[in-house]
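Asker: Heads up: the sequence lines are chains A and B, in that order.
Under numbering that gives the first Met the number 0, the first sequence is numbered contiguously, ending at residue 354.
Under numbering that gives the first Met the number 0, the second sequence is numbered contiguously, ending at residue 197.
Some hints could be false.
As the list claims (entries may be wrong) - The calculated lysine to aspartate or glutamate pairs, modelled on DMTMM-like cross-linking and capped at a C-alpha distance of 25 Å, are:
#  : chain 1 : residue 1 : chain 2 : residue 2
1  : A       : Lys-316   : B       : Asp-182
2  : A       : Lys-247   : B       : Glu-184
3  : A       : Lys-242   : B       : Asp-152
4  : A       : Lys-242   : B       : Glu-62
5  : A       : Lys-242   : B       : Glu-184
6  : A       : Lys-247   : B       : Asp-182
7  : B       : Lys-143   : A       : Glu-71
8  : B       : Lys-143   : A       : Asp-76
9  : B       : Lys-143   : A       : Glu-145
10 : A       : Lys-316   : B       : Asp-152
11 : B       : Lys-143   : A       : Asp-75
12 : B       : Lys-94    : A       : Asp-162
13 : A       : Lys-242   : B       : Asp-22
14 : A       : Lys-242   : B       : Asp-182
15 : A       : Lys-247   : B       : Asp-152
16 : A       : Lys-316   : B       : Glu-184
17 : B       : Lys-88    : B       : Asp-22
18 : B       : Lys-143   : A       : Asp-177
It should be emphasised that the hints constitute simulated quantities derived from the structure, not laboratory data.
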Amino acid sequence: MTIQFNDETFRDDYSFYNSERAIKRFPFPFHEDNYMYSVNMEQHRGGPVDSVYEKRFDVDEHYVSEMRDRAEVLADDPLRCQSLPHMTLAGWDLLELIMVSKSEDYPDLFELHRDGDNWRWVNKPLGIDDSFVFLDETTLPYGPMEYITRQAQGDFCVLDQRDDNLWMDAGTVTTQADWSLDFDIGMNFFEWHAPVPLAHEKGIFVRALKFLLNIQQGAPARRLNWTMTVNPLLDTSPENYHKWGIQKTTVTPENIGSKQHLRVELQTFFRLPRSNALVFPIRCYLCSFQDLMTAPKWGRRLHRVIRDLPEELATYKGFIDNRPMILDYLSKFDDGLPTSDGIWPDLETEPALKT
Amino acid sequence: MSKFTFPTSIRSRPVYGTLEERDGSAHLLIADAHGAEAILDVATPLMMEKAHIIYIPKGEAFEDKLRALNPASFYAGPTYAAAEARIHKAFVDAKMGLQVYLTGTEGLIGQAQYAAMEAGIPHTAIQTEHRGSTARRMQCVHCKGITEDVETDPFVCSHCGLNLFVRDHYSRRRAAYQGVCIDAEDPGNVPQAKGIYE
Chain A
0 MTIQFNDETF
10 RDDYSFYNSE
20 RAIKRFPFPF
30 HEDNYMYSVN
40 MEQHRGGPVD
50 SVYEKRFDVD
60 EHYVSEMRDR
70 AEVLADDPLR
80 CQSLPHMTLA
90 GWDLLELIMV
100 SKSEDYPDLF
110 ELHRDGDNWR
120 WVNKPLGIDD
130 SFVFLDETTL
140 PYGPMEYITR
150 QAQGDFCVLD
160 QRDDNLWMDA
170 GTVTTQADWS
180 LDFDIGMNFF
190 EWHAPVPLAH
200 EKGIFVRALK
210 FLLNIQQGAP
220 ARRLNWTMTV
230 NPLLDTSPEN
240 YHKWGIQKTT
250 VTPENIGSKQ
260 HLRVELQTFF
270 RLPRSNALVF
280 PIRCYLCSFQ
290 DLMTAPKWGR
300 RLHRVIRDLP
310 EELATYKGFI
320 DNRPMILDYL
330 SKFDDGLPTS
340 DGIWPDLETE
350 PALKT
Chain B
0 MSKFTFPTSI
10 RSRPVYGTLE
20 ERDGSAHLLI
30 ADAHGAEAIL
40 DVATPLMMEK
50 AHIIYIPKGE
60 AFEDKLRALN
70 PASFYAGPTY
80 AAAEARIHKA
90 FVDAKMGLQV
100 YLTGTEGLIG
110 QAQYAAMEAG
120 IPHTAIQTEH
130 RGSTARRMQC
140 VHCKGITEDV
150 ETDPFVCSHC
160 GLNLFVRDHY
170 SRRRAAYQGV
180 CIDAEDPGNV
190 PQAKGIYE
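Model the full assembly from the supplied sequences, consistent with the hints where possible.
Answerer: In structure tokens, the structure reads:
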């Protein structure tokens with residue numbers, strides 16, 4: 000289907016919205032009524048038609064506005080995009096992966112014409128038509144990673160693999176859940192995850208690393224992660240935390256349904272062919288509580304998950320102070336009925352809320 | 000007492016050892032303040048024949064004792080920044096088999112370790128030992144400015160003036176810990192500063 004791109008903002012007046020279609024395909028992250036860390040990896044080989052899993056790089060109604068937001072973040076703070084000198088080849092790998100995937104998966108929106116190393120890339124939604132020489136940096140307006148990630152939703156971490164570890168050696172990070180690429184660049188897998196509570200003790204990162212080191216070309220993987228954000232703010236960076244942190248105090252029982260957003264990351268992992276690097280796209284989806292509550296199953300489940308979440312996790316995810324208000328709101332959408340397994344809303348089969 | 004046992008912490012936080020003499024084609028020893036004591040402990044006449052000591056006293060009176068070790072080359076300078084060009088040249092000129100010994104404050108060790116890494120010195124040839132002040136070199140995540148020798152949590156960023164809390168999250172490339180605004184969600188509500196390890 001043809002996508003109607005929203006004209007919206009993720010800052011200031013926050014005109015961001017989800018259409019009914021976007022709500023239905025929202026990647027709700029809880030497959031059961033409780034949550035604890037796990038290495039919840041699966042193959043990234045498509046999924047239900049029109050779900051966020053269907054294509055290699057999901058393009059949705061927020062694409063054009065998200066790319067405008069990214070350009071603004073990079074203009075304000077160029078350090079959000081960095082690539083250590085040895086990562087340029089991986090940047091070309093990433094450019095190829097995204098151009099090939101998007102032109103094959105969305106032929107009405109993107110075209111890639113290749114004649115040897117002479118490539119022409121057409122991005123219709125953003126009005127781009129560039130010809131360049133593959134592997135020749137002088138023929139692009141930015142480095143290859145920056146060029147293509149200015150045209151792809153979600154953050155991109157490009158990880159070098161050496162010494163049985165993964166190293167955060169390049170990335171474009173403007174829609175992050177409160178971590179700094181500029182500070183974490185050059186760190187290994189355990190170091191950049193160091194501030195995460197509980198998961199180290201549970202052996203999560205050791206197992207996750209083992210899995211990721213063995214990802215093969217053509218066999219990408221994926222998982223979901225989540226947090227909460229007040230207002231549909233994409234750039235919840237530590238750099239700007241002194242500016243946006245105060246927004247958490249603007250939530251009231253009256254506005255919580257529209258202000259409080261579940262923030263879900265679709266994380267995917269692709270092996271890159273020339274560099275043997277691993278690219279780790281982190282695609283952020285936002286959905287307001289009131290939109291989520293249109294799926295009775297999600298209302299019931301979100302209440303139970305947030306109610307039973309360990310305090311450390313609610314603190315780490317930054318909503319411990321607002322949790323009582325969040326639970327007051329969500330409890331109205333939990334009638335105690337059982338829920339079906341899995342993340343999908345099951346709108347046809349799940350019962351309506353009992354009042 | 001110049002030795003301090005750091006509490007266990009998160010995975011990005013550096014850990015330090017105890018210097019020991021190793022066979023090497025040359026020895027580069029970089030220290031500040033009480034780091035001099037670790038050098039005095041590890042130094043041997045044989046090692047000093049091929050040793051270059053770079054020392055930043057920071058008001059401590061160890062310079063004469065270090066000089067008396069009679070290293071092949073000795074330098075004492077007022078600050079790390081003043082010594083930086085010399086340190087950089089020592090790493091760039093290094094030959095295979097150089098052994099590196101870094102000791103003193105975390106700020107000194109971190110900066111010299113990064114300089115060594117940039118010059119391609121293998122990490123297996125670098126030893127570190129913490130001595131003296133437990134003050135930290137902090138980077139403000141907001142303005143990116145570095146504040147040296149931070150002893151309290153929270154502290155005021157010496158560049159942008161925000162009230163920052165002291166994280167254990169550490170970047171080897173920045174040679175600094177991360178400082179994050181403590182009163183962003185409740186401006187003006189800044190707890191009383193206390194020692195980082197109190």
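Asker: Evaluate each hint against the coordinates.
Answerer: Each hint tested on the structure:
1. Lys-316/A - Asp-182/B: Judged against 25 Å, a Cα distance of about 17 Å means the pair holds.
2. Lys-247/A - Glu-184/B: holds, 7 Å
3. Lys-242/A - Asp-152/B: holds, 21 Å
4. Lys-242/A - Glu-62/B: Judged against 25 Å, a Cα distance of about 47 Å means the pair is violated.
5. Lys-242/A - Glu-184/B: Since the Cα atoms of Lys-242/A and Glu-184/B sit roughly 9 Å apart, the hinted pair holds (cutoff 25 Å).
6. Lys-247/A - Asp-182/B: holds, 12 Å
7. Lys-143/B - Glu-71/A: holds, 19 Å
8. Lys-143/B - Asp-76/A: Status holds; Cα separation ~11 Å.
9. Lys-143/B - Glu-145/A: holds, 22 Å
10. Lys-316/A - Asp-152/B: holds, 22 Å
11. Lys-143/B - Asp-75/A: Distance ~14 Å between Lys-143/B and Asp-75/A Cα, so the pair holds.
12. Lys-94/B - Asp-162/A: Measuring from Cα to Cα gives roughly 24 Å; hence the hint holds.
13. Lys-242/A - Asp-22/B: Measuring from Cα to Cα gives roughly 53 Å; hence the hint is violated.
14. Lys-242/A - Asp-182/B: Judged against 25 Å, a Cα distance of about 11 Å means the pair holds.
15. Lys-247/A - Asp-152/B: holds, 24 Å
16. Lys-316/A - Glu-184/B: holds, 14 Å
17. Lys-88/B - Asp-22/B: Satisfied, since the Cα-Cα distance of roughly 22 Å is no more than 25 Å.
18. Lys-143/B - Asp-177/A: holds, 16 Å
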